[in-house]
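Trainee: Now for the letters of each chain:
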Amino acid sequence: MAMTSLKRLGKGLVPVAVAGVVLAALPVPAGAQTPIKIGASMSVTGTYAKPGSYQKEGYDVCIDELNAKGGLLGRKVELVIYDDQSQPATAVKLYEKLITEDKVDAVMGPYSSAVSEAVANVTEKYKKVMVAPLAATTSIFKKGRKYIFMIITPAENYLDGLIDMAAKRGLKTVAIINEDTLFPKASAAGTAEAAKKHGMQVVLQEAYPKGNTDFSALLVKIKAANPDVVAAGTYFDDAVAITRQMKELNVNPKMFGLTVGGDIPEFYDLLKQNAEYVYGSTQWDESLPYPGQKEFLAAYKKKFKHEPSYHSAAGYAGCLLYAEAVKKAGSLDADKVREQLLKMESKTAFGDYKVEADGFQVAHKMVMLQWQDGKRVIVWPDDLSNGKPRYPTPEWGKR
Amino acid sequence: MGVLITPAMVGQVVISGLLAGSIYAMVALGLGLIFGVMRVLNVAHGPLMMLGAYTTFWLFQRFGLNPYLSILLSMPLLFLVGLALQRFLVRRVVDAPELSSLLLTFGVSIALVNVAQLAFTSDLRSVEYLTGSFLVGPFALSKPRLAACAFAIVITVASFVFLRATRLGKAIRAVSQSREVAQVCGIDVQRIHLLAFGLGSALAAAGGSLVAVMVAIQPEMGQVYTFKSFLVIVLGGAGNYPGALLGGLLLGLVEQLSSLFLTAQVNEAVAYVLLVLVLLIRPTGLLKGRV
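Chains A and B, in that order, give the protein sequences.
Going by our numbering, the first residue of the first sequence is number 1, and it counts up by one from there.
Going by our numbering, the first residue of the second sequence is number 1001, and it counts up by one from there.
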């Protein structure tokens, strides 16, 4: 199988992909230098293989684009990628190798918070700037690290849109539930914060264990608390189960929103019409009118013959942002590039970019979508929306 | 921030607990049957249930077969799978130390889950057949859970009648009481072992088919039922078949009530504390002796 041969390649530390070498003989300036090598480890196999591959493809499109525009600082750009098999420990070794043996000029982040957290120790040690496009956990950026930069919106802000829409409609009460693990916990805490800030009352906040399949008792409590809004910090299985059981127990909030799971097509495939009216949040959507979006989509689909995911867009944008900082600094020197990344405010195909002094992302916005007639319609924020929310959610018996 | 718990809420949760418990009881009866007859704890019980769920899913997906009718196919199919497992694998460890059978069925369990991952992928599947509920006064009675409970009761009762009233059923009970005496009386013990494993697997399959309409289907869905079934048969009294029914309903109630009065995070802890208490006070389980 393809996966096993890839794994074998990865194990043998053979680069699984070296993209971005411009084959078309561009006129090479006199005294051409060696290409700039950008290294990264990626989850090409293992549990994160799917999102990891999307992210890698985003990097590939970015490198192609840079080279088509004449490279970086007049030099061609080359990507060196190894497979970390979705293992933080493997990734740590690979970044050591990239920096000390391969002597890459720059590095980009791997996939996931867990792997980014692990390799950040290596990149900090060697003072390498690392734009980490797929690390969403706040704590990674709050440990006094100097050279790591965040691209996506942190977990705490996933449901800001839901609360904002609810508050604007004069809703007063919210029930918050979440799986009891790192990411959903952080998003539930952030949602509670946001609700309080908007003067809403949190009438119930409760966690459930990972792998829970029966939500009856929890939903009975929610029904008794009768909140205007139900917000859930979920992954995917639980998002589906909660939605179904809300119908079974006839729980009827005016709005019902999910962090992860509500945004993917499979959510609708599994629930069919019962997914209607449900709000989901997402980092990015290809319908968003961001600058460079059309070009990115066209190049991506041409190269890979399938649709990108938000991981692809984040990878692509993260790589372009690094390149932009290098151009502005006029150098690959880590401290000079870092300075630029800290003060840059950019708009990319993935959305806005601006970080605080610790590299923590503050500008990128989540968008809220709602399932309407089987389609994902962006309903928040207003300036990015392509439809109006269907509000309020009718009772289950009247849908 | 807490919610005042009203009698209506308790009533709703008791209903949910009994509905869930009836399925636990049926699935655990299958595990109890195998354990009673052979003293083999079948760790692959949950994964066999998962195969039952996939049977229902594919029949529904490909041929639009009513998921409740598909029980008529998933049970015989898994009965055969059970026969094969017993004939080629489990038979070799029946008289070996208990650890051998645990290891063997643990291996089978991992193999089944991985084969399912390869064959069906890890994507979640669902059978969108019955959704929603009947509203009766202050209570919502979930349609798929009500249907599952009804089928579980029918299948469980049929199993009891089979064990009580038929010659084969009596032979199974005889073997679980004393293999030697049964053998002396002319009962073909090997055949009874085969039958017990087949029936146990079929009961797991029925559980899988019923659960398929309620929750998302994926290769790892079964393991949690293995543990619940262990709990149920120990609570009810290992080897005591009516005990499985009592244990199942009790587990369903305890899970739901502890989620209501405490939180969902502690319901497993509460269930296991109950297990420890039962073992301390009545080491043979709630109903002792074997039937």
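Calculated directly from the structure, the hints in this document are not laboratory data.
From the three backbone atoms N, C-alpha and C, an ideal C-beta is built for every residue, glycine too.
A hint or two may mislead.
Unchecked claim - Sample of chain B residues lacking proximity to chain A, with all beta carbon distances greater than 12 Å (derived):
| hint | residue |
| --- | --- |
| 1 | Q1012 |
| 2 | A1140 |
| 3 | V1181 |
Said to hold, decoys possible - Calculated cross-link-like contacts (lysine-lysine; reagent style PhoX-like; alpha-carbon spacing at most 25 Å):
| hint | chain 1 | residue 1 | chain 2 | residue 2 |
| --- | --- | --- | --- | --- |
| 4 | A | K172 | A | K196 |
| 5 | A | K254 | B | K1170 |
| 6 | A | K328 | A | K168 |
| 7 | A | K375 | A | K388 |
| 8 | A | K388 | A | K168 |
| 9 | A | K398 | B | K1143 |
| 10 | B | K1143 | A | K272 |
| 11 | A | K388 | A | K172 |
| 12 | A | K388 | A | K185 |
| 13 | A | K247 | B | K1143 |
Trainee: Classify the label on Q1012/B as holds or violated, using whether its beta-carbon is more than 12 Å from each beta-carbon of chain A.
Mentor: violated (5 Å)
Trainee: Are the Cα positions of K247/A and K1143/B separated by 25 Å at most?
Mentor: holds (10 Å)
Trainee: Taking 25 Å as the top limit, are the C-alpha atoms of K388/A and K185/A close enough?
Mentor: Not OK: K388/A and K185/A at ~29 Å, beyond 25 Å, violated.
Trainee: Is the hinted pair K388/A and K168/A satisfied, with a Cα-Cα distance of at most 25 Å?
Mentor: Between K388/A and K168/A the Cα gap is close to 14 Å, so the pair holds against 25 Å.
Trainee: Since V1181/B was said not to touch the interface, does its Cβ keep a gap of more than 12 Å from each Cβ of chain A?
Mentor: Given that every Cβ of chain A is farther than 12 Å from that of V1181/B, nearest at about 43 Å, it holds.
Trainee: Please check whether the beta-carbon of A1140/B is more than 12 Å away from every beta-carbon in chain A.
Mentor: violated (5 Å)
Trainee: Starting from K254/A, check that the Cα of K1170/B is at most 25 Å away, please.
Mentor: violated (57 Å)
Trainee: Between K172/A and K196/A, is the straight-line Cα distance small enough, at 25 Å or below?
Mentor: Within the cut-off at roughly 10 Å; holds.
Trainee: Is the hinted pair K1143/B and K272/A satisfied, with a Cα-Cα distance of at most 25 Å?
Mentor: Status holds; Cα separation ~17 Å.
Trainee: What's the verdict on K328/A and K168/A, does the C-alpha distance respect the 25 Å limit or exceed it?
Mentor: Given that 25 Å is the threshold and the Cα spacing comes to 41 Å, the pair is violated.
Trainee: Do the alpha carbons of K388/A and K172/A lie within 25 Å of each other, as the hint requires?
Mentor: holds (21 Å)
Trainee: Quick one, are K375/A and K388/A close enough, alpha carbons at most 25 Å?
Mentor: holds (13 Å)
Consistency with the previously given hints fails for numbers 1, 2, 5, 6 and 12, ordered from lowest to highest.
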